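Peer 1: Sequence:
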Amino acid sequence: MSGRDGAPEDDPTGDGERPDDGTEVDNGEGVEDWDETVAAWDREVDEWEEAPDGGTEGPVGGDPDADGTGDGPDEVDPAVDRDPDLTPDDADSVPKVVSAGHINWDVTIHVDSLPEPDGETRIDRLEQSGGGSAANVAVGLVDLGGQSVVYGSVGGDESGALALRELASSGVDPGQVLVDADEPTSVKYVIVDGGGELLMLANDGANESFSAAGLDRDTLAAADHLHLTGQQPETAAALATAAAEAGATRSFDPGRRVADREFEAALHASDALFLNDREADALEAATDVDPWEPDDRVVAIKLGDEGATVRTPHGSVSHPGFDVDPVDTTGAGDAFAAGFLAAALREPEITGDGFSHDPRDYQVPILVGNACGAVATESVTARTDLSWDRVRETMGESPETDLLIEVRA
1 MSGRDGAPED DPTGDGERPD DGTEVDNGEG VEDWDETVAA WDREVDEWEE APDGGTEGPV
61 GGDPDADGTG DGPDEVDPAV DRDPDLTPDD ADSVPKVVSA GHINWDVTIH VDSLPEPDGE
121 TRIDRLEQSG GGSAANVAVG LVDLGGQSVV YGSVGGDESG ALALRELASS GVDPGQVLVD
181 ADEPTSVKYV IVDGGGELLM LANDGANESF SAAGLDRDTL AAADHLHLTG QQPETAAALA
241 TAAAEAGATR SFDPGRRVAD REFEAALHAS DALFLNDREA DALEAATDVD PWEPDDRVVA
301 IKLGDEGATV RTPHGSVSHP GFDVDPVDTT GAGDAFAAGF LAAALREPEI TGDGFSHDPR
361 DYQVPILVGN ACGAVATESV TARTDLSWDR VRETMGESPE TDLLIEVRA
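First residue of the sequence shown? That's 1 in the numbering used here, and the numbers climb one at a time after it.
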């Protein structure tokens with residue numbers, strides 16, 4: 001498995017040659033042994049848990065090059081971080097995120113296979129739960145130690161009440177959600193076959209009744225970041241503009257309708273974009289935004305079972321993902337976004353002044369995002385229990401050949 005990086009799929013080096021052993025090539029930048037990396041993470045977690053103030057004391061593993069000069073015997077290769085930090089930050093550094101967009105109630109139906117036209121199939125399992133991209137990301141960020149406010153709209157019906165109740169019980173602040181008594185809550189029917197593939201049936205309902213004017217400006221001013229998902233283009237643009245004026249960073253996951261709606265203003269006002277490969281191709285064909293070769297933003301492109309790639313104006317970083325047996329891929333993209341943002345937003349060098357354009361800064365976010373996406377595919381429904389423990393467990397169980405990060409300048 002390898003991420004798309006502009007070279008042919010069978011030529012990850014981009015120089016016309018493919019290694020005989022079938023592993024990823026790091027283009028001369030250097031790749032750390034996975035066992036050593038996991039051991040370093042474990043040492044850092046242990047020290048973080050043992051320190052009286054919840055922080056680490058001194059360099060992890062007693063690094064003799066703790067002065068940062070880079071001239072010690074354990075000098076870190078400039079391309080690959082030998083000691084990534086996966087520990088939760090202290091309470092003063094918890095990222096505060098407003099997640100704006102769709103809030104749905106999901107009915108997930110599992111079948112062995114989809115019926116032919118005019119046919120019938122047996123329902124193996126039926127689950128109901130909260131859904132919607134904005135709500136899914138908000139819950140995932142809370143699971144990973146963040147603070148989330150969700151902004152969107154539901155109908156004044158039982159499905160809406162259930163969606164809000166589930167958000168509150170998950171630790172998300174739903175106080176900004178608009179209740180539109182004249183519209184039903186958007187209910188999405190997700191049909192999942194035996195291979196984990198899915199199709200969706202949905203009504204629009206009330207999920208785009210909200211507008212930018214309805215979001216409390218004090219709430220936005222207190223946020224570190226605004227994450228946008230599918231919604232009215234003018235609402236997305238106005239929210240992104242308001243967040244920029246408030247000094248918050250912005251990300252946007254426009255979803256499968258990215259090429260059908262006039263999202264250009266919101267796209268250009270965002271520091272980071274989340275797309276899958278089909279959406280990236282559609283966006284490139286329909287607009288002046290080139291997700292594969294961005295000139296002024298960061299683009300995280302999800303590649304399904306081939307992992308993900310993060311494109312920046314200064315290069316890219318790719319990771320092939322984790323080998324899992326998918327049960328339900330619903331919400332995997334939202335889990336990726338939650339993991340990526342949870343890792344990136346707590347690092348000032350990455351998001352302290354907009355989003356960094358150095359691809360090396362995204363090695364940990366792409367690892368965490370892929371791990372969260374993998375965890376999500378192993379659970380029924382769009383929601384799953386994301387946690388740092390599950391992130392580390394997913395990484396630790398994967399074979400070394402699946403965990404090589406490729407950085408390109």
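Incorrect hints may have been included.
[To be verified] Here are the computed distance ranges between Cβ atoms for each label pair: (1) G354 - D193: 40 to 50 Å; (2) G352 - E116: 48 to 58 Å; (3) E284 - L126: 33 to 43 Å; (4) P348 - R122: 48 to 58 Å; (5) A222 - P115: 45 to 55 Å; (6) D112 - L201: 31 to 41 Å; (7) A285 - G156: 38 to 48 Å.
Since the hints were derived computationally from the structure, they do not count as laboratory data.
Keep in mind that this is a model prediction, so the values were computed, not measured.
From the three backbone atoms N, C-alpha and C, an ideal C-beta is built for every residue, glycine too.
Peer 1: Against this structure, judge whether each hint is valid.
Peer 2: Here is how each hint holds up against the structure:
{"no.": "1", "hint": "G354 - D193: 40 to 50 Å", "verdict": "holds, 42 Å"}
{"no.": "2", "hint": "G352 - E116: 48 to 58 Å", "verdict": "holds, 55 Å"}
{"no.": "3", "hint": "E284 - L126: 33 to 43 Å", "verdict": "holds, 39 Å"}
{"no.": "4", "hint": "P348 - R122: 48 to 58 Å", "verdict": "holds, 53 Å"}
{"no.": "5", "hint": "A222 - P115: 45 to 55 Å", "verdict": "holds, 50 Å"}
{"no.": "6", "hint": "D112 - L201: 31 to 41 Å", "verdict": "violated, 19 Å"}
{"no.": "7", "hint": "A285 - G156: 38 to 48 Å", "verdict": "holds, 40 Å"}
When the structure is compared with the earlier hints, a violation turns up for hint 6 alone.
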